[in-house]
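*Asks:* Here are the chains, one letter per residue:
There are 2 protein chains.
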Amino acid sequence: MTADAGTAPEPAVERWAVRIEYDGRPFVGWQRQITGLSVQQVLEEAAGRLAAGRPVTSITAGRTDAGVHATGQVAHLDFPMGTGLTGSKVRDALNFHMKPHPVAILQAMPVDSAWNARFSANRRFYRYRIVNRRGRLALDDGRVWLVKRALDIDAMNEAARHLLGRHDFTSFRASACQAKSPLRTLDRLAVMRHGEEITIEADARSFLHHQVRNMVGTLKLVGEGTWAPERVGEALRACDRRAAGPTAPPDGLYLTGVGYDPDPFSVAC
Amino acid sequence: MTADAGTAPEPAVERWAVRIEYDGRPFVGWQRQITGLSVQQVLEEAAGRLAAGRPVTSITAGRTDAGVHATGQVAHLDFPMGTGLTGSKVRDALNFHMKPHPVAILQAMPVDSAWNARFSANRRFYRYRIVNRRGRLALDDGRVWLVKRALDIDAMNEAARHLLGRHDFTSFRASACQAKSPLRTLDRLAVMRHGEEITIEADARSFLHHQVRNMVGTLKLVGEGTWAPERVGEALRACDRRAAGPTAPPDGLYLTGVGYDPDPFSVAC
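Respectively, the protein sequence lines represent chains S and P.
With UniProt numbering, letter number 9 in the first sequence gets 9, and the count goes up by one each step, no holes.
With UniProt numbering, letter number 163 in the second sequence gets 163, and the count goes up by one each step, no holes.
Hint data in this document are derived by calculation from the structure and do not stem from the laboratory.
Be a bit skeptical, because a hint or two may be false.
If several chains are the same, the list does not tell them apart, and a pair holds so long as it fits within one copy or across any two.
Said to hold, decoys possible - 27 Å max Cα-Cα, derived BS3-like pairs, lysine-lysine:
#1 K89 x K99
#2 K89 x K148
#3 K148 x K99
Given the structure is predicted, the values throughout are model-derived calculations rather than measurements.
Kindly produce the complete structure, drawing on both the sequences and the hints.
*Replies:* And the structure:
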C-alpha cells in the first residue's frame, strides 16, 4: 500500500474482506430494502463510522433472504480512503459499531482491489437444520425447522443423489430468480441425523435463488414417506417449479462458508 | 389406574414425568422466586390449566440457576385429580399453555407416585459451551461463553483428570450451597473442540451448587495458560473455594439429561 515517492498515487479505495456471522431473524435479508433493516445496512453504516461518515459500499458472496442466518458469510467493503488500521482493529471497530444488532465480524483482511467477494468466490457452503420431534421449540425457535413427522434420512439421502452433478435446476428455482442460466453443478447434498436434529449440507460453486430451501422442502416429502426417492429425479427432469416440493422456511438455513482460491482468510489475524 | 368397583378409591394425585427444554435467558432460574419469572412458575401455571385451575406442584431433577439452559431437564407434576389424558395430549396441552415462554415439553409420561424426578435420578448430564474466538457473538449471545484468548484443550483435559472420581469438592462449591456433604463422585469431565467451539461435558450422580461452572472457570485458566494443569489438583485438595478459579457465566451451561433406572421416557409416546 506504500507508493514510491511522487510516482504512484495512493489507491482511491481501500478494500477489506470480512467474514461475518449473523442471526437472520430481525432482518429483511442481506440486501438493503426500504421495507426494513438489512444486514448490509448495519454493516455499511458501521463501516461509515470508520470512514469519517463517508459512505462505504459492500458486495457480498451470497445475498441471503429474510430470516436466513450465516456463520461464514463473506463480503468486501470499499472505504473511500485509507483506514490506517490493522485487521484486528477493523474487526473490533466494526463489531463495536454494529452493536446491538446480531451481526458480528469474525475476521477482516485487506485485499487487492481486483479481489471481489462475489466474483472471486468459487464455492458456497450451506447447512439446513431440522429438529424432528413432536414437542415445540424452546431453544431454537426461528433457527431450525421443526418437522413433527418422523423423517427417514436414508430415503432422503437416496433422493439427494438424484440432484448431484450438473443439471437444469428450473424445478428448484424461485420464480423471482434473476440468474441468466438455470444450470448449476451441485457437488454435495448430504443428510445426517444426530439424535432429533437432522442436518442437510449443500455445496456448489453457486446456487439459484431459493435452490437450497426448495431442495430441502422436497427432501422432506421423501423423508416423511409422501414421495418415493425416485420422484425427486423426475421433478428435476420436469424443469418446472410446480413439479418439485414446497420451499422450506428460512429459519433452518445457514450460509456456513464461501470458498476462494487463494483464501484471504487463511492467514490468522 | 382403574379401580375395582366400590373397593379402591381413585388415587388422590396423578403424577406425570416431563422432559423439558428451555432457554434460561429470560428466567430467574428453575425455582420460583419473588424477583421474577421462573421456569417452575411457567410450567406449574400451564399445568394448572389442565387441572381446572387447581394448583399443580412440581419437583425437578436439577434446580438450574438464572441464565442456565436445559435440553433434557426432568420434573414431575402432581395433578390433584385425574387428567384423563394421554402422554401426547399432556405434552401438547402444556406446550400450548406455556406459549410464548421459551419452555417446551419434549415428552410426558404417567408415573407411579413412588417415582420422584429428584430422588429417583441417579445421574445428571451437563454440557458447557465455549466459543473461542476474537469476534463477538451474533448467533449465540447469552447461549455460550465467549473466550477470546486461545484455549489449549489438551491442557484442559489433563487438568480435568485431577477432578475425576470421589472427592471433597468444597473448592468448587458455591458458598450458598445447601448440600449436607461436599463429597461427590465425578464420573466424566471431557473437553472437546469442534472448530472454534469448545464443549465440556460433565456427568455425575449429582453436583454441588455451581460445581460445573466453577470447574469450567478453573479449566479456562488452564486452557489459556495462566495455570498449569497440576494446580487444579492442588486447588481440589485445598478444600477452600478461594483456591479454585472463578465461576464461569451461566450462558454456556446446559442440563442435557437426567438418568433413571428404569427410565420412564424410554417408551416412545
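*Asks:* Compare the structure with the hints numbered earlier in the document and write down the numbers of the violated ones, lowest to highest.
*Replies:* none
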